[in-house]
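Asker: These are the residues of each chain, in order.
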Amino acid sequence: MAVVSDVIISLGVLATFYGLLALGMNIKYGFTGLLDFGHVGFYLVGAYTAALLVIEPDAGGPDTVYVVGLDLPWIVAVLVATVLAGVVGVFVALPTLRLREDYLAITVLGIAAIFQRIVQAESWLVNGPDALRGYTPPLIDLFPVTGGSPVGAAVMAVAGGAIWAGSTWALGRAMELEFDAGTGPGVTVAGRLHAVVTFGTDRLIGFENYRGGALVAGAIAAVVGGVLSFAAQDGFLAWAVVVSVFTWLVAFVWLTRYSSGFDAVDYLTTFALGAAYMGALAPMFFLETFQLWVPLTGLAFAVVIGVTVYLYSNWQRFAARPFGYGLFTGLWFGFIWYIPLQILSDVAAANWPSVASSIFGNVVWVLSLSGDVPEIGYPRFKLFLFGTLLLVALYLSELTIDSPFGRVLRAIRNDERVVNSLGKDPFMYKIMSMAIGSALAGLAGALAAMHFQVLVFTMFAPRVTFIALLMLFLGGVGNNRAMVVGAFLFWAFQTATTQLSGFVAPGLRENIQAFRFVVMGVLFLLLLYYRPQGLMGERAAAEAGSE
Amino acid sequence: MSDAPLLEVENLQKSFGGITAVDGVSFELEAGKVTGLIGPNGAGKTTTFNLVSGFYKPDAGTIRFKGTDTQTLMRPAPVEQGVWASASAGFLGLIGAASGRVTYGVSPDVLAGGAVAGAAVGVGLYVGQNAINNRRGAYKHSRPFRLARQGMVRTFQITRELTEMTVLENLLLAPPDQTGEGPLNAIVRRGTIAEEEAQFRERAEEIIELLELDHLRDEEAGNLSGGQRKLLELGRVLMLDPDLVMLDEPVAGVNPALTDRIMEAITSMRDEGYGFCIVEHEMDVIMSLSDKIIAMAEGQKMAEGPPEEVQQDEQVLESYLGG
Ligand SMILES: Nc1ncnc2c1ncn2[C@@H]1O[C@H](COP(=O)(O)OP(=O)(O)O)[C@@H](O)[C@H]1O
Ligand SMILES: [Mg+2]
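Chains as they are written, first to last, in our numbering: chain X, 1 to 547; chain F, 1001 to 1323.
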């Protein structure tokens, strides 16, 4: 039916900056125990600061009014927005942190509401209550890029090289874990793949240094991709195919790790569950007659119930690997949507060229094929940019939290009187925690400004804070990496419901969109009840368990 | 150091609503001595600890640690005062700029003028309130961490572990002035931090061994028994290397063999010059350990002197046995 890799890309973009937002919340609440219901306020500060720094000075037209426009480069804007949000975080913290936990939550909620009201009501400031717009995201004029041009070659070199290095590292990491398990890399499929993707250099460098080897491989891939793309559009296309296929292969290698211990019944059960959920939820629009539609949907429901009953009566099978089960059910569900569902109607119409191009477009996710020519559009660049920033922020947060500083924060979350009795001022640490968490929210806000290209006060409602909290609980309280998972799952759910509602009549669509918040609420309740530590749990505990 | 006693308490008073928990208590503690604080439940021992260590603000009385009033010690350091003053300046500067705009409209001069005026008022307000508070006798600080940094450390009667942290982490938290306690250092000075951590870890392992908590090193403190928690809290204090250690019922719930070990540890530390103040109900323990006993009842000091003397004191006998 269609090429939906674009949908996944935009899902990824949302997940990256919401991941940053949740990361900031995690520093405050997850590690320090500061329940900041006003988190969105710093997101707002970051977003509007970035926008005012990059926008051109107000020309004095009647349509839009804003206080300043500095026309600065984005890199400055993002940095200033981050720092300023952190400083505002300190200002908000100084009076409010003196309060007890629940009062703190309420007061900061109020402060965030004041921020929102200011941008709404002060029309001279940022054109409230209307939207602030008229600035463009960085480098957008260069996109979309295609092969045969220097820009296309440069983009393919940088992005392709980075993806290559990352995937090679992930492959090496998977193999290292196998090493630990005592099987060794040997001449496994993964081992051969590693030799190929490092262009044979892993034999020279030695597998133990697979981290450095990944960088070398990435550099080579950057050169190859750059040259091929510069030479011709076909080279660009061909290299994009190679890179995409490589990422899929690495994903498969990792999946085999997660499915270790799965037997045929496990695969079948998860497949049946994923497929039946998809069947039950996506009405079978392609079946013309109602008479077929209803019984088939009924059948899908029956399979869901049947498999659930089966799992319930064979509980130890599921309980042995709940994570693997959840992952694979979700993956089957997503996969069925990603490929088979998109080609169904073309298959039914025997429109084979269209089938082939759909599959091709979805597999070669590096390129956008929705236009006339295969190209790398701005959304893909944005995902790359945001993803890089997210990884950097995540790495720095992990360093900070793994240090004695992080230890003091966790001690404050436990009992700040102990920290006090040991000669450390809990107040100062809480201020620092607020500053770091708010700065991350500011960074998220700057990226949001870049992403949406328009800012309205309604985007900064308290709802955003609660979405960040939801992601936090979904991923795991006090687990930085889980914030990315939480953000991704949240937006995957949103995307899935949007996609599914696309299958139903327009009148019903709205109901589904509204209903999904109810579903989300119920799921959140179940999560808090059965797994209050989040899907992944706190990292320290998780690591202790795996040792 | 001067030859002032390690700690001097004069006429200490504290009441909660109608209850006078501590009613005019005075005593002195010396370095290199163990002082036992005894008395029936509700005598005001824990409250005295809380007052001395700065967790509560006294209603009246003075406490001098190493010759300096603890109120002076607990005052914000110049750096902190600077932070507060500039925060106050920034906040009022913002208000100044905003009110300048509201009154006279947007122009750079008005905004800047308002901001400067506001900032000046902010600094003035902070400095003023500080001066007034410092002069006003009634104003009291309660910032225990400042005293802990000066070398006065206490434990809690109802133990306060960091339940979600392991025994080892509980101990590693304690050392003061760790390089890695600054978030920026955590990123840029990882080498130094790793070296320091190795040292602290070595010290922590020694303490863990001393307190026989080896097998629990990586256990979360929340899973420890009451006695083990007492030990952990003692261990945390030992990590700090303080001058004065105040222990609130340190051996309650600890088995006899381990109690002996703790007593040995305390005695040998005392001989190294540490001062101890210990609240304990186990009479054998406290009498054999202490160089001096202070007996309290109903918020007042009833007797003070060497253990043998206090043990013979009629009032003390009565309040413990007859009361
Ligand atoms: N925070 C408080 N609020 C109210 N009353 C208190 C508080 N702390 C102690 N008290 C009261 O002060 C008296 C002395 O208590 P405490 O110092 O704990 O005695 P001890 O440690 O000698 O057993 C008791 O009557 C107690 O109820
Ligand atoms: Mg007591």
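Hints may be right or wrong, so weigh each one.
Stated by the list, open to error - Examples of chain X residues lying across from chain F (beta carbon under 7 Å, computed):
| # | residue |
| --- | --- |
| 1 | L94 |
| 2 | L97 |
| 3 | R98 |
| 4 | T188 |
| 5 | V189 |
| 6 | L193 |
| 7 | R211 |
| 8 | L391 |
| 9 | Y395 |
| 10 | L399 |
| 11 | A411 |
| 12 | N420 |
| 13 | G423 |
| 14 | P532 |
| 15 | Q533 |
Said to hold, decoys possible - Far from chain F, some chain X residues (derived; all Cβ distances over 12 Å):
| # | residue |
| --- | --- |
| 16 | G134 |
| 17 | V223 |
| 18 | Y258 |
| 19 | G406 |
No wet-lab data here; the hints were simulated from the structure.
Being a predicted model, the structure only gives us computed values, none of them experimental.
Backbone N, C-alpha and C fix where the C-beta goes; we use that ideal spot for every residue, glycine too.
Asker: Now tell me if each hint is right for this structure.
Answerer: Results for each hint:
{"no.": "1", "hint": "L94", "verdict": "5 Å, holds"}
{"no.": "2", "hint": "L97", "verdict": "12 Å, violated"}
{"no.": "3", "hint": "R98", "verdict": "12 Å, violated"}
{"no.": "4", "hint": "T188", "verdict": "34 Å, violated"}
{"no.": "5", "hint": "V189", "verdict": "37 Å, violated"}
{"no.": "6", "hint": "L193", "verdict": "34 Å, violated"}
{"no.": "7", "hint": "R211", "verdict": "17 Å, violated"}
{"no.": "8", "hint": "L391", "verdict": "15 Å, violated"}
{"no.": "9", "hint": "Y395", "verdict": "9 Å, violated"}
{"no.": "10", "hint": "L399", "verdict": "5 Å, holds"}
{"no.": "11", "hint": "A411", "verdict": "5 Å, holds"}
{"no.": "12", "hint": "N420", "verdict": "5 Å, holds"}
{"no.": "13", "hint": "G423", "verdict": "3 Å, holds"}
{"no.": "14", "hint": "P532", "verdict": "13 Å, violated"}
{"no.": "15", "hint": "Q533", "verdict": "11 Å, violated"}
{"no.": "16", "hint": "G134", "verdict": "20 Å, holds"}
{"no.": "17", "hint": "V223", "verdict": "32 Å, holds"}
{"no.": "18", "hint": "Y258", "verdict": "27 Å, holds"}
{"no.": "19", "hint": "G406", "verdict": "7 Å, violated"}
In terms of the numbered hints stated before, the structure departs from hints 2, 3, 4, 5, 6, 7, 8, 9, 14, 15, 19, listed from lowest to highest.
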